[in-house]
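A.B. asks: Please build the complex by placing chain B on the supplied structure of chain A, with the hints as guidance.
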Amino acid sequence: MFVAISSLSAADHLDSPSVQNDGRLDINDIYAFQSPQNADNVVLIATVNPAAGVFSPTDFSANGNYEFNIDQNGDAVADLSYVFTFNRTRRGRQSYLVRRNGSVYASGQTGQTVTTSGGAKIHAALFEDPFFFDLQGFQNGFQFTGDDFFAGLNVSAIVLEIPRTELGPDNVGFWVRTTDGGVPFDRMGRPAINTVLISSGSKDLFNISAPANDPANFGAQVANTIATLNGGDTATAQALTAILLPDVLTVDTSSSAGFLNGRQLVDDVIDAELNLLTNGGVTTDGVDANDVDFPVGFPYLASPN
Amino acid sequence: MRVFRFAGSGRLQRSFVLWMGACVSLAATAGEPDASTQSRSATRVASGAAYGDLIPTAQSIALFRQRIESDKDYQNRTVLGRLLLRQAREEDNLSAYAQAEQVLREAYRINPDHFATKFYLADALAARHRFDEAMQLLEPLHSQSPTDTAVLAALGDVYLNVGKMDQADELYAQLAQRVSGPVVLVRLAHSEQLHGQTQAAIDHLQEAVAAAEQSDLSPQRRGWYVWRLGDLQWSQGQFAAARDSFQTALQLSPDDTNAEMGLAKSLAALGDVDGAIERLQRTIARDPAPPALALLADLFFVNDQPEQAGQWLDKADLAMAEEAKIAAAAHHREYANLLADHALRPAQAVEMARADLERRPDVYSYDSMAWALYRNQDYVQAQQMIEHALQLGTRDAAIYYHAGMIKQANGDAVAAESLLNTSREINPAVMHWASSRPAAD
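Residue numbers (this note's numbering), protein chains in the order written: chain A, 19 to 323; chain B, 3 to 443.
So that you can see chain A by itself, here it is in the shape it has in the complex:
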């Protein structure tokens, strides 16, 4: 069910509330990296709810699911799923349940770290937005000024740190999906794929389809877009497409390396992707780090603004 987040009345009180999607189910970014505190652990993070509190409330949707999907054998089909469901906010907190492949895995409350007997740690809360990018400069014809457009904003995030062995092999694929009332809402693997390389007319299909079908559904479109970006180098575009699709964030959990190995909070994915997609034509946006330092320890995200 869509939630009418918009304001209540209008110039005519009879006017119906606007139809708006629930930003709390809108995925911003996902991260996957070896735990800096324990090399035997891997950290999986999903941030949702862009500019939390501005147009969507600062909690998680009680009508949706937040799915952390793991592919263990490279076929872009989930072999493991950690599904988070939240109850309505009561007295400033939400209780939530985590199911792993359908079985209850953990439960807790937002704002508090949950530790399981198997050594997992979970934290769901409002955090400072860890993404950094000179969006304005990009949209002003790459006239970058080094201003981090996302500085000062907040997101809702789920942080899951688990023993690497719990995921199975060292090399896994990770993506996050949200659903709204059982209906697929958003999906994300690598940064930029959906937002840059999938046309607006295909986004609904992308969001409801499975990653395994990405090459067939979107391969030609993505290759064409990359070729446009890199000045017509179709061979490189096709090679990149084969790497970028299906949209799954691949990570070798035995390695502490960053992007393109998973994605760490400090990774400047913008510079990496600008460089990659423009064939070196543009190499940086001038924003090299988040405006706020990330904490060293779990949950690794900074407190909300």
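It is worth saying that the hints were derived from the structure and are not from the lab.
Some clues are possibly wrong.
Claimed, not checked - Pulled from the structure, derived: some chain B residues nowhere near chain A, Cβ distances all over 12 Å: (1) A51; (2) E141; (3) A156; (4) H192; (5) Q216; (6) R223; (7) D258; (8) M263; (9) R288; (10) D319.
Said to hold, decoys possible - Here are some, though not all, of the chain A residues that point toward chain B, as calculated from beta-carbon distances under 7 Å: (11) N158; (12) L278; (13) N279.
Stated by the list, open to error - Covered by chain B, per the in silico footprint, the following chain A stretches (three or more residues, Cβ under 8 Å): (14) 82-95; (15) 105-114; (16) 188-195; (17) 217-228.
Quick caveat, the model's predicted, so the values are computed rather than measured.
Positions of the beta carbon are idealized from the N, C-alpha and C atoms, including for glycine.
C.D. replies: Below, chain B alone, put in the same frame as chain A:
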């Protein structure tokens, strides 16, 4: 690479992707960032919101005003425009609508291709009842993204407001295929109400209320759906049910002036006019909304207190005149109806009603026009207008009352009696109150 998602709704945001391809031609000229201007934008969005809440609108507005640093910044301007629209609706703040339009026009001037900017500019225009301009923006957006639910709803609403019922119904049907919940149900109900299918409309509104109750909408937002149900119940003469609905709405959203007005009308219709007056006076002391002033005048007329009624009528007249100046089109109908109901300055009533009809040719504007023409003693044109108002079969007691009086003035007593009887059947309070006014024929 993530887009600036919150310059639009979820689906809407994806529609205005940062097309890197559009920038390829500029890539060759893009240089390294100017080191002398490098800075870390430090405008922080101090949450100021309890967990699960929104940041107070005024606070978000202040912060996003600060974030606009460049005359090329359409993203933050679009967000600011959305926030100003929200403020306008939350507070019934007429100047905020104007500010919203101004800042959204600035964003549009900077980037006329930005999907979200065009959508929210259309939203601001529609809120000010400039439906033609809103349509000019929304129709291309709908062509560009035919499944976008926000656009389906907004364009459907515009069509409804300008009387394009078939188009509105088509878009609402498409919307209903894609989304569910109170936002859709209330639109279906609105269309059914206009088509005279009032029981179906009431059923859908009851569903909407139940669905809103199951959602995590705020109590204030849930209260609106209950108010909406009460409003329709009252219009159909279901006074006890309406009273209950308005009381529930006030439990969810205390101090809701519209719910207080609805409750006052219900109490009066059920015979407790003194109680209605007392309640409404307390409401007006807190929020002297012009419609509340007009309602209080009517209640005093019904209670045979013409002196007090006249004082409140004068206040309502002045207040609505002021609003009509500030908000122009958005309040013409309300003011035209006040003038016509009380036979005040008929020529001005016609002028107001005509201005409304030009922008919003729905059944209610034809009714306002007809009633104003009747007061101006132009009974032939009044008849033409009221026939338009009756065309859809909308079960509105005021429309049938006006139609009966116009028929009577045109010499058709039999038809007049039938129409007046229909008015009484739908809602007997309408004619009863009309007959209490000094302007009654």
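A.B. asks: Now, for every hint given, state plainly whether the structure supports it.
C.D. replies: Each hint tested on the structure:
1. Chain A draws A51/B into its interface by the beta-carbon criterion, the shortest separation being 5 Å against a cut-off of 12 Å.
2. The beta carbon of E141/B is kept farther than 12 Å from every beta carbon of chain A, the shortest such distance being approximately 17 Å.
3. The Cβ of A156/B sits about 7 Å from the closest Cβ of chain A, inside the 12 Å cut-off, so the non-interface label is violated.
4. Look at H192/B: its CB is around 7 Å from the nearest CB on chain A, not clear of 12 Å, so calling it non-interface is violated.
5. Not every Cβ of chain A is farther than 12 Å from the Cβ of Q216/B; the closest lies at roughly 8 Å, contradicting the non-interface assignment.
6. Distance to chain A contradicts R223/B as a non-interface residue, since its nearest Cβ pair spans about 6 Å, not more than 12 Å.
7. Not every beta carbon of chain A lies more than 12 Å from that of D258/B, the smallest distance being close to 9 Å; the non-interface claim is violated.
8. At roughly 10 Å, the least C-beta separation between M263/B and chain A is not larger than 12 Å, which violates its mark as non-interface.
9. With 12 Å as the threshold on Cβ separation, the claim that R288/B sits away from chain A holds: the shortest Cβ distance comes to roughly 16 Å.
10. Here D319/B stays apart from chain A, with its beta-carbon at least about 20 Å from theirs, past the 12 Å limit.
11. For the restraint placing N158/A at the interface with chain B, the shortest Cβ-Cβ distance is roughly 5 Å, inside the 7 Å limit, so the hint holds.
12. Restraint check, L278/A versus chain B: the minimum CB separation of about 14 Å is more than 7 Å; hint violated.
13. Below 7 Å, beta-carbon pairs count as interface contacts, and N279/A has none with chain B, the closest being about 18 Å; its hint is therefore violated.
14. Residue count for the region 82-95 of chain A with a Cβ under 8 Å from a Cβ of chain B: 0. That is fewer than the three needed, and the coverage hint is violated.
15. Chain B is given as covering the region 105-114 of chain A, and this holds because 5 residues of the stretch bring a CB closer than 8 Å to a CB of that chain, at least three being needed.
16. Counting residues of the region 188-195 of chain A whose beta-carbon sits less than 8 Å from any beta-carbon of chain B gives 0, not enough to reach three: the coverage restraint is violated.
17. Against chain B, the region 217-228 of chain A contributes 5 residues with a C-beta closer than 8 Å to a partner C-beta. That satisfies the three-residue criterion, and the hint holds.
In summary, the structure is inconsistent with hints 1, 3, 4, 5, 6, 7, 8, 12, 13, 14, 16 from the numbered list given earlier, while agreeing with the others.
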